[in-house]
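*Asks:* Each chain, letter by letter, is given below.
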Amino acid sequence: MSATPAVDTRARARADYASLIGRRSRLLALFMVLLLSSLLVDVMTGVSGLGLGQLVHVLVHPEAADRITQVIVWNVRLPYALAAVLVGSALGLAGCEMQTVLDNPLASPFTLGVSSAAALGASLVIVFRPGQIGVDFNALVAGAAFLFAVASIGLLLLMSRLRGAGVQSLVLFGIALVFSCNAGVALLQLFATEDVLQQLVFWTLGSVARATWDKIAILSACLFLVLPFSLRASWKLTALRLGEDRARSFGVDIRRLRRASLLRISLLSAISVAFVGPIGFIGLVGPHIARLCVGEDQRFLLPASAIAGALVLSLSSIVSKLILPGVIVPVGIVTALVGVPVFVFLVFTRGGKA
Amino acid sequence: MNRNALTLKQLSISYGRNMVVQGVDLTEIQPGTLTALIGPNGAGKSTLLRGIAGLTRIRGEVLLGDTLLSRLGPREQAQRMTYMPQSLPPGVAITVIEAVLSAVQAGRSGQPGKAELDQAYDALEHLGIGALSSRYLSELSGGQRQLAALAQAIVRKPEILLLDEPTSALDPHYQVRVLGNVRKLIQAHGLIGMVVLHDISLAARFADRVTVMHAGQIAADGTPSAAITAEMMARVYAVEARVEHCSQGQIQVIVDRALDRAA
Ligand SMILES: Nc1ncnc2c1ncn2[C@@H]1O[C@H](COP(=O)(O)OP(=O)(O)OP(=O)(O)O)[C@@H](O)[C@H]1O
Ligand SMILES: [Mg+2]
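Quick note, the sequences are listed as chains A and B, same order. For the first sequence, our numbering assigns the number 1 to the initial residue and increments by one for each residue that follows. For the second sequence, our numbering assigns the number 1 to the initial residue and increments by one for each residue that follows.
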């Protein structure tokens, strides 16, 4: 064997790797462009149509627009549309990490009880209406939802510390949590008055119409706080995907990785569900769409999952305004309607990776 | 270069009440040598390697020279030893080069640079699979995946290389090539190599020392010709076998029939 072929192989391999990285980076950029377009369309869509020129004008010179357009854009359209993007990326990112650290493709904040626990917390407040403690009722509902969501992940964490509790039993535990919390909510519904019942049902249908600028600020702060830590753990998560023993043998502290990851997941999903209610499917389908497009190198999969989750929720938000004229259907109902076809389309047309 | 020998003292490992490695003593596993660990299914070979690597709770001591490896933190243990599990999971959508990079990168922070990339390519080329570098793991054959896993192990340049059945899915060409390369690597860098093998003739051909495990204990230990005997084959594997030396001096084991397992 002469030295030349080896050098050639190496050069070819380098070029292949570079083009792989380039292709995935371009895909991420394309995802971003799609997301921004979806965001724009989302803001433009509504009962009173808004042209692109008009919209840009209102955004750039808010004071020059008439009062009504100002209110519609700044108090309704923009916060709702941004909430869809932020919640979508939070759930996509949380779902992606969850699927890796729990080694289960069906893991997501919704399927493992985080949303159900939040719903239980919110329902308790809605039904028992703790009297005058000087806190806004809606804030109280959101607070209870948040606490219960965090507690559900706390329970998962505690379980993971029990010796002998494997990852599979964690997943089963999460599913058990879904059923118990749902039973709790059903029980509360049974005793609720008609008026309260309506509020309960409405809350459990997640809706971005609960967004306010405060919530958006908190959500984005949380997202920008968590994302760098996720990305820093990307090689560890990639190694974990190849098996626990192998990752440990590479020097990954699995317990610590899992704990830190569950902490990030709980923050992202608890804040999302507290602010806009339970929204299913995004945490599951976002990562799967991302995986089909960019593969499982977590350097790309993590951001792609966030963007894919945001895109699906943003598209759902647009659709939610178009289904019934004049009515905004809660986006939680629409996510599955939009997500399923996107997902099926991808599975059947690509099935590969970049 | 490492000059210290590996010693196991009264190493025991249990799963619940079931003690599957029972007070194993192995002395003077020398740097630059390859030790083959053989024995029937369920004898405790994988468990022993995982115990040495610090991946499972043990009683007893693992010593490298005077250093008590079993007392080191997981991070230091991982730096000095690499354990390669029996199989790489199928269906993971990352490329071979990324898998090898993850072995380099997982224990540290930051992103791989040119040096890390070169290390990864070196490992692949060393095993003769440079051409697979941009293929997805999910699209490899079982043997190709095994070679990728082996590249992950050697790229880490550990002092102690623990390989669990690295050749079980390989064709004759790669069996001989891989074990030959591992042996060269071990000799060149003074590594301590322990390899679980089921193919006794391969073990005899490539290993400097053969250790036979049976029901959690060491049933035989020594040079290939000392450890591999017809008596051992009957006692440990419950087979009637002939141990022949072929014209080139290699040991060949010919199994004639299975014996009834003694109660
Ligand atoms: N996770 C586990 N929990 C309980 N028992 C286990 C576990 N892993 C292995 N064992 C038991 O420990 C014993 C030794 O298993 P080990 O995997 O070390 O065998 P081995 O020598 O590697 O076998 P093989 O040649 O089949 O790979 C077996 O009896 C097995 O049933
Ligand atoms: Mg084994």
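Some hints here could point you the wrong way.
As the list claims (entries may be wrong) - Covered by chain A, according to a simulated footprint, are these stretches of chain B (three or more residues, beta-carbon under 8 Å):
no., segment
1, 130–139
2, 214–226
Claimed, not checked - Part of the chain A face toward chain B, derived, beta carbon under 10 Å:
no., residue
3, Arg-12
4, Gln-198
5, Ala-247
Source of the hints: derived by calculation from the structure; they are not laboratory data. Note that the structure is predicted; figures quoted are calculated from it, not measured. Positions of the beta carbon are idealized from the N, C-alpha and C atoms, including for glycine.
*Asks:* Tell me if chain A covers the segment 214–226 of chain B under the three-residue, 8 Å CB rule, please?
*Replies:* Result for this restraint: violated, n = 0.
*Asks:* Taking 10 Å as the limit, does the beta-carbon of A:Ala-247 come near enough to a beta-carbon in chain B?
*Replies:* holds (6 Å)
*Asks:* Are three or more residues of the segment 130–139 of chain B within 8 Å, CB to CB, of chain A?
*Replies:* holds (count 5)
*Asks:* Let me know if the C-beta of A:Arg-12 comes in closer than 10 Å to any C-beta of chain B, holds or violated.
*Replies:* holds (8 Å)
*Asks:* Would the hint on A:Gln-198 stand, with a C-beta cut-off of 10 Å toward chain B?
*Replies:* Since chain B brings no Cβ nearer than about 45 Å to A:Gln-198, farther than 10 Å, the hint is violated.
In this structure, the hints that do not hold are numbers 2 and 4, in rising order.
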